[in-house]
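*Asks:* Residue numbers (the numbering used here), protein chains in the order written: chain A, 1 to 365; chain B, 1001 to 1365.
Read the hints as simulated data drawn from the structure, not as lab findings. Nothing here was measured: the structure is a model prediction, and the numbers come from that model. By construction, the Cβ of each residue, glycine as well, lies at the ideal position given by its N, Cα and C atoms. Any given hint might turn out to be false.
One side of the interface only, derived from the structure: several residues of chain A facing chain B at Cβ under 10 Å [said to hold, decoys possible]:
1) Ser9
2) Met24
3) Ser87
4) Ala256
5) Tyr257
2 protein chains.
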Amino acid sequence: MNDSERTFSPGLKGVVAGETSLAMIDGEGGRLQYRGYPIGELVAQGTYGQVAELLWSGEWKADAHLACAPLPEPVTEVLRRLPPTASPMDALRTAVSAWGAITGCLWPPTVQQARELTAFAPSALAAFARLRDGHEPIDPDPSLPLAEGFLYQLRGERPDPAAARALDAYFIVGAEHGFNASTFTARVIISTHSDAASAVAGAIGALKGPWHGGAPAEVVDQLHEMGSTDQAEAWIRGTLERGERLMGFGHRVYRAYDPRAAALRSVAENQADVAGWLDKAVAVEEIALRVLAEFKPDYPIKTNVEYYAAAVLQGVGLSPSLFPATFALARHAGWTAHCLEQAQANVLIRPDVRYVGPAERHLPA
Amino acid sequence: MNDSERTFSPGLKGVVAGETSLAMIDGEGGRLQYRGYPIGELVAQGTYGQVAELLWSGEWKADAHLACAPLPEPVTEVLRRLPPTASPMDALRTAVSAWGAITGCLWPPTVQQARELTAFAPSALAAFARLRDGHEPIDPDPSLPLAEGFLYQLRGERPDPAAARALDAYFIVGAEHGFNASTFTARVIISTHSDAASAVAGAIGALKGPWHGGAPAEVVDQLHEMGSTDQAEAWIRGTLERGERLMGFGHRVYRAYDPRAAALRSVAENQADVAGWLDKAVAVEEIALRVLAEFKPDYPIKTNVEYYAAAVLQGVGLSPSLFPATFALARHAGWTAHCLEQAQANVLIRPDVRYVGPAERHLPA
């Protein structure tokens, strides 16, 4: 094959790098389905444990239950060695890597490994969050569903049911979203016949980048900065006039209203703790969409998942420093499902590169 | 863009995913150059420290010196928590991840970070190798070049000059090789604006897979299994007749003699410790190439880098369990150089995917 026959695409945009049965994403229509089930229906009727099993097995198992797993003692000891100032994403990546070293995780990835990794990660993040604040980690309660169990391990007490429900919904909408950069990283790693812990550690590293993992905490910051709802329109106009970005609006894929934002908004509305903040978010959203349509009449920019994710994460009382790593916890189900899917019909993922460097030269004699 | 306009390539073969000024690889001609300098010349006249600086900066710095760096105490403590049975690749990945957490490594990648990571990794692997054997780690000697310093930290004594020279040559030929799966992983991770430690931890995970990192230890095993040189031809014929693979021959890219194998053979010939073994390897190579040409007349299969890499690694007395992770140490220069190159002209690497799963369906009422 010579160069003219090759596709040149540095970002791989428009290059279909594989097939998936996991997520159907319709950006124009604002639709997202996991294995055929609409995301709104999954959030309204399902739990994260059911959704994770659906992603791994392809089947809806009404009795599925996924709780946080106890941390192997050496992982807790590893987390104790990290400074309290460490990025929670770095701590989670290190914990997953240590888990792989301790369990001897190997190819091929299995549903059992997927379940163990997904159940392990919230316990690891909660332990780090407590250790950095000078508290001892709390053992998981196996009776609690994963998202609620994560909050329990952070605080030592069960959250109120509305908060548990809202965080579970957040975990569901964050579970899977096609070939984003972190998921693709996981598939490249698995494609070499490496193991699921290596793949997930790599994926966490990719999600750490703000071009991928985003910055839901900045939505909260902006809503604080703009002051009262009366002042929102002037603040939004100023931001857009300066060419700055309005956080929580616009998405690479969705031109229509992000179906994940819609699903989260409906659960956020039931959170008493966040009622005042949510009223403001809803009012600001209406203003923002109107002003954005005026600034970019030819390019539809709609509310994205981060906008109401911020409402939920703030509503359940999570520290904004944990927002990105909490997104990573939710995405474990999808990453591991992609590991299984890649392994089932594996081909080594290895693109070509064009050399544009110096012509042959020689070292000084 | 609709589906018919897209390139469908699950392994990305023939898809040019970027440009590089680092390695020029000519598989047909059996040529490899780093920034224009032929690999044979770099091995004959250069050191790994000079080659690493060349890859990072683009310039040949005759006075470049790269020594192993002291381990931050928390990394040593992390390595103490891993079981002695852990895979050295898992241990190295965990150490690099912990290093990132401890140093607070952030975008954008810098030459200083590249230097620190490359200098850190051999100390981490040596510390793990000693700890698993029940010995305390040894502080690095800053006067020793990197590869020699790695051997020193494994054993507490300086290797003989021929062994140091041979391992340095191995590090040079292993430093960089275009868009293989691990390097591509590092670039995908960096492309999200994540950090160099995340990228290298992901790359180590990808290199762990035997479809990428290979298995130089198996070359040694096969040479032992085939018995004396007299018995080699019958053993090789039997292996190929059973449809099994002859380790150390054939490469995805090189149709001609792998220029890295040629460079390593010339340094291996100067290692007294490996003289007898090398005589056998040279004799077996001649037989293997003749038999391979007979079995696959239309498809040239030549000696690859693993064949003489095995001779060098065995010659310097490394445990075969450390071969893959030692390859990873050498590749740190290339991985980090790719991080720098990706960041300089960054575009998010995110391919498309084709949905082939179930049509819309609904949860049971």
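*Asks:* If a hint holds in the structure, say so; if it doesn't, say that too.
*Replies:* Evaluated hints:
no.	hint	result
1	Ser9	7 Å, holds
2	Met24	5 Å, holds
3	Ser87	7 Å, holds
4	Ala256	16 Å, violated
5	Tyr257	18 Å, violated
Hint check: violations occur at hints 4, 5; the rest are consistent with the structure.
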